[in-house]
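**Q** Next come the chains, spelled out residue by residue.
Number of protein chains: 4
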Amino acid sequence: MIYFKNDYSEGAHESILKKLNTTNLVQDKGYGNDQYTKEAKELIQKKLKDKNADIHFISGGTQANLTIIGSILRPHESVIAPETGHICVHETGAIEATGHKINTVKTIDGKLTPELIKPVLIAHEDEHMVKPKLVFISNSTEIGTHYTKSDLEKLSNFCKENDLYLYLDGARLGSALTVKGCDLTLAELSTYLDAFYIGGTKNGALLGEAIVLNNEDFKVNFRFHLKQRGGLLAKGRLIAIQFLELFKDNLYFDLAKHANAMAALITEAVEEHGYEFLTKSQTNQIFPILPNEVIKVLQKNYEFYIWSKVTKDTSSLRLVTSWATKEENVRQFIKDLDQAVKGL
Amino acid sequence: MIYFKNDYSEGAHESILKKLNTTNLVQDKGYGNDQYTKEAKELIQKKLKDKNADIHFISGGTQANLTIIGSILRPHESVIAPETGHICVHETGAIEATGHKINTVKTIDGKLTPELIKPVLIAHEDEHMVKPKLVFISNSTEIGTHYTKSDLEKLSNFCKENDLYLYLDGARLGSALTVKGCDLTLAELSTYLDAFYIGGTKNGALLGEAIVLNNEDFKVNFRFHLKQRGGLLAKGRLIAIQFLELFKDNLYFDLAKHANAMAALITEAVEEHGYEFLTKSQTNQIFPILPNEVIKVLQKNYEFYIWSKVTKDTSSLRLVTSWATKEENVRQFIKDLDQAVKGL
Amino acid sequence: MIYFKNDYSEGAHESILKKLNTTNLVQDKGYGNDQYTKEAKELIQKKLKDKNADIHFISGGTQANLTIIGSILRPHESVIAPETGHICVHETGAIEATGHKINTVKTIDGKLTPELIKPVLIAHEDEHMVKPKLVFISNSTEIGTHYTKSDLEKLSNFCKENDLYLYLDGARLGSALTVKGCDLTLAELSTYLDAFYIGGTKNGALLGEAIVLNNEDFKVNFRFHLKQRGGLLAKGRLIAIQFLELFKDNLYFDLAKHANAMAALITEAVEEHGYEFLTKSQTNQIFPILPNEVIKVLQKNYEFYIWSKVTKDTSSLRLVTSWATKEENVRQFIKDLDQAVKGL
Amino acid sequence: MIYFKNDYSEGAHESILKKLNTTNLVQDKGYGNDQYTKEAKELIQKKLKDKNADIHFISGGTQANLTIIGSILRPHESVIAPETGHICVHETGAIEATGHKINTVKTIDGKLTPELIKPVLIAHEDEHMVKPKLVFISNSTEIGTHYTKSDLEKLSNFCKENDLYLYLDGARLGSALTVKGCDLTLAELSTYLDAFYIGGTKNGALLGEAIVLNNEDFKVNFRFHLKQRGGLLAKGRLIAIQFLELFKDNLYFDLAKHANAMAALITEAVEEHGYEFLTKSQTNQIFPILPNEVIKVLQKNYEFYIWSKVTKDTSSLRLVTSWATKEENVRQFIKDLDQAVKGL
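Line order of the protein sequences matches chains A, B, C and D. Residue numbering for the first sequence is 32 to 375, as defined by this note's numbering. Residue numbering for the second sequence is 32 to 375, as defined by this note's numbering. Residue numbering for the third sequence is 32 to 375, as defined by this note's numbering. Residue numbering for the fourth sequence is 32 to 375, as defined by this note's numbering.
There may be inaccurate statements among the hints.
Stated by the list, open to error - In silico SDA-like cross-links for lysine to any residue, where the CA-CA straight-line distance does not exceed 25 Å:
| id | chain 1 | residue 1 | chain 2 | residue 2 |
| --- | --- | --- | --- | --- |
| 1 | A | K343 | A | A292 |
| 2 | D | K60 | C | H121 |
| 3 | D | K49 | C | G61 |
| 4 | C | K343 | A | L152 |
| 5 | A | K162 | D | F253 |
| 6 | C | K164 | C | E146 |
| 7 | D | K36 | B | K250 |
| 8 | C | K162 | C | T138 |
| 9 | D | K60 | C | L329 |
| 10 | C | K211 | C | D140 |
| 11 | C | K162 | A | E108 |
| 12 | B | K250 | A | H121 |
| 13 | C | K60 | D | E219 |
| 14 | C | K357 | D | N55 |
| 15 | D | K77 | D | E219 |
None of these hints come from the bench; they were simulated from the model.
When you get a sec, could you build the whole thing from the sequences and use the hints?
**A** Set out below in structure tokens:
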């Protein structure tokens, strides 16, 4: 079976494994006080063009989200998030478990805009209701779309005007920033946000995400929160070493570009057959709508999620490519798709 | 500098890195539904001689403690723990952050006994107080001591008689079970406990602990709790592969034995000089009491913690050895100790 | 100004004040272990025709909701509630503050049905999502509607079949059960529910609600939860004495009937003018849609909430009557309404 | 039976009941937005000589403690409290249920001092431990002692120097401030504290405490916290009216003085017999140590707690007097004590 199921089906990029090998027996301090962590933080600060960015490494996205959000909000404050947001559906109530309500917002494309947030602010008028305080977005979103520079700028301005924090879940940030024609750099993106994380797990690392705190208030005592939520790894260097490799040269973005390119090949093939998509995605997650009979044929050799029923005879798939997706497998998939369509 | 500071100063045992390399590009399911995780669980069940033991892999000890304890207790229930217990002092209130009080008990040697627990039960008489429900112990303890078979049997019986759960933090379980003359096997230990975890991070893994749930009630829906607390890794195989290596043959115990042997060498040398210890430890953590001037000399070439002032002129150290400690470094340390003592 | 703003604008029914006076200096035990509490519990058990119903008194509805729900659910379990439910909007995230997500459901009339709940169960398929476990309903609802016997029976059966708890917020239970033609008694209602509370604050008491636990699991140690959440009053008798008065004879239902009758008078008048209502209510909360100019006139002498804009020229009001609403004030309101309508 | 068991064995002072009667049918706004609440706040501000003191009314002490402490602390921050503090033992883990650890301190007399707090600060050195942030004291303490002006001044200065908040549980504040020779006024006390509450339940009210927030940071959005924890009563006026009566003229202090005087009579009698006390109390809680045989005799006609075994033949009692304690009952108790002693 070939996997288009997700972007965490393999281990890590080989250069990461190599580096883990060469550094393996060097003795160093625990809990992120080691030399590798120091270097990795400085390297990311350099990429962000911000020496004051506060960087922390953590093992996964849910843990990043709950630790950051739980550390920021006062008990009565809530999060505004798109209904499709990862924290709303796929984190088993992790945010609520830290005591905070999420105000969910219906969206067409998984993205928040000032227009979508305003009604939430208006509805929450007094102390009988929670106080919305943090806006949660994902880039790329859970349905493959991405934010442009202008999108983020508008959101960021709106948040500042309304005394809201802006936080971005960057599990697939690499993919979002390397979309063809993307007019947004990592450093620019960072200026719009109070906090975010740069996803490693889904872009070439064994595990690990890099938390970036820009808001001065968030930086104070953040390591206490990390430790309290179980996120401060004894061998913190494990994640740091991986980010050192990912951000040395341009590896992080090269890997993401590859994933996007592989998805684009499939998109092109699907479009040629005249099939539609659930969402307009240029990232590494695409949602083509195919005849059920075609899907049945493809399932014989490929692992992927069937996302939703669309009509009686068609369904949408979620196809995910990654840094590790082999072009030959994509080519084969396209051939098999062609065959299946012909067989209708 | 040579480290006797802790048992997480290096990466992982080389066979683990090798296995990560050879399996790196195999595609498999995410979130612990892969083949490696299945195999690792079965292997540990075999070592435990219990097919029904429920095994889960998680990235660190604090996260294991908070996820397990948080999933077990009802809101009004509390934990009984020795004052020196890791959850009491060194986890930044992680247990309280899940809503539960810890009833701390003063001990001489870091170990709990029925006699020490009884007064807590007597004092908590009605609904104005929390209801003690879970007994927390560590093996080896935070001050280097370990539980014998008889210790555990008594505790386990007492807990059953008093409707208490018994939970063991096994961050350094390997060291505890390989103490010279230890009459306790891993499988036997498991029969005394409602739940525990087998520590990987401090015994040869890059990161990771294996949670073992024996109490049927704890097994239901445990993966929900793992996910909610941020502990369900997308690439769950990363930890499983490491435990596969550690428990293939006898590696886990061999590594721990080595750590204990290295500590024993130092213990012997310290005893020969006539110095005392803060606690009687046969594990990989020892706490010799040395003249401050000797300590000062040793600090030039060795990293370790000064644990406590003992008299005006003496202090206790914490020296920790590990699977990776080189015998030549230990021999050199002993020589340097001899020199320093002579120089007094 | 005359209040149609809510049903808590006055103090308590005079017989309650009288009883507080006559019992004032009797010495008795604290924290609900007194004779009055014992009697009040037995009296309510009698009305419920259930000696095993576990009764507890508490100061308010939000506290009842958070204490009960917080005591019932395991950390990963969630509540299903109508979008208009009090816990969703008007309790400042009190349920989330106990760690639990609410899965909200859009409804037409503020009432849940098996058909509305089913999709929530289907959508929550694995451990990446919370586990819906408790169904929250209000009777009467926050928009004035009420459940019939058949409504509740269907819901109750559905919940049992799907291993869900059914919980009812009875802040305005008196009003719901005394709706003209209501085919449901308090004792019958209790058989359908795992837990509920009988609202005193909005039906004649100074403050206080009577919690009823029917599910055996909920009864164990409930006083611990009450104490932990701050709900165990030192002078518990204060609420018990009030419920003794309310349920001696038929006072509780007489007061509610009066409130309903007062609302019905207004409903009739509004209907005669040909105006519509936002919801079909026979309880003490009604939501007539009136021309803005009429509203402006009424605001001169009456306090009430403007609920929502309906068209450019009309809005809905929330008018609430109570046990203390004077018929003469209602008659005057109707006259003033007539005048205002004529003045258009 | 005559009660010396606690200070909440009766209802309320008669002037309070009278005022509840005369105001009963006045219509006013809900949730503490009424005229009585406004007046009561202003009255207390006047007594505190501080127009900016932020006053809120709440139903009980545990709820006051958990709402205030929960609203103040960030997730990683802890409370320092004496081991005998109400929040440590008698609130069923209410503070931990809001997520915060309590660092308990052994004391001789139930009072905290800078000397007792310092070691806690020193021990909490980094992010592996909670960050102590709030000092909790009770006045009078749970064992009858009270703070002098000098005690509080020292504590307050120490807290400011060490960036700690100082909070006082005033369940029995009336008794503490009316101790013979007390050199501390309510207004002065308020200047030393970041927050406290003035206890009504145990000094003449049916129920209710007045929260006073002095620290500007605590005042922001406090009503959100009140609502979230279930503390915002629909008929908030119920407590406000009681405080209006208690602080009109000098009733609050007169009632407390009476309670102290009644306890002093018993103290004197016990001292005359040559018996000792567990603690030196001048407040309304005293802890005489009596022969078990004497206790047995007294138990026939009096309700009180046996506090602790002192020797084989003697135990300490807790005797509590109140605003409602009748002097004739005290005189009778003293006579019966004399008799019992003679009968030895």
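**Q** The structure should be examined with respect to each hint, and the outcome stated for every one.
**A** How the hints compare with the structure:
1. Simply put, K343(A) and A292(A) have alpha-carbon atoms about 31 Å apart, too far for the 25 Å limit, and the pair is violated.
2. Straight-line distance between C-alpha atoms of K60(D) and H121(C) comes to about 17 Å, which keeps the hinted pair within the 25 Å bound.
3. Using a Cα cut-off of 25 Å, the hinted pair K49(D) and G61(C) holds, with the two alpha carbons roughly 23 Å apart.
4. The hinted pair formed by K343(C) and L152(A) meets the criterion: a straight-line CA distance of about 22 Å does not exceed 25 Å.
5. Proposed proximity of K162(A) and F253(D) is supported: the alpha carbons are some 12 Å apart, at most 25 Å.
6. Of the supplied pair hints, the one linking K164(C) and E146(C) holds, its CA atoms being roughly 16 Å apart against a limit of 25 Å.
7. A C-alpha spacing of about 46 Å is found between K36(D) and K250(B), which places the hinted pair above 25 Å, so the restraint is violated.
8. With a C-alpha separation of about 21 Å, the suggested pair K162(C) and T138(C) falls inside the 25 Å cut-off, and the hint holds.
9. The suggested pairing of K60(D) with L329(C) holds, with an alpha-carbon distance near 18 Å, which does not exceed 25 Å.
10. Between K211(C) and D140(C), the direct Cα distance comes to roughly 18 Å. Compliance with the 25 Å bound is thereby established for this hinted pair.
11. Distance hint between K162(C) and E108(A) is fulfilled; the C-alpha atoms sit about 24 Å from each other, no more than 25 Å.
12. Between K250(B) and H121(A) the CA atoms are separated by roughly 21 Å; this keeps the pair inside 25 Å, and the hint holds.
13. Taken as a hint, the K60(C) and E219(D) pair is broken in the structure, with Cα atoms around 35 Å apart against an allowance of 25 Å.
14. Pair hint K357(C) plus N55(D) holds up; C-alpha atoms about 14 Å apart against a cutoff of 25 Å.
15. Taken as a hint, the K77(D) and E219(D) pair is honoured in the structure, with Cα atoms around 13 Å apart against an allowance of 25 Å.
Checked against the numbered hints above, the structure violates hints 1, 7, 13; every other hint is satisfied.
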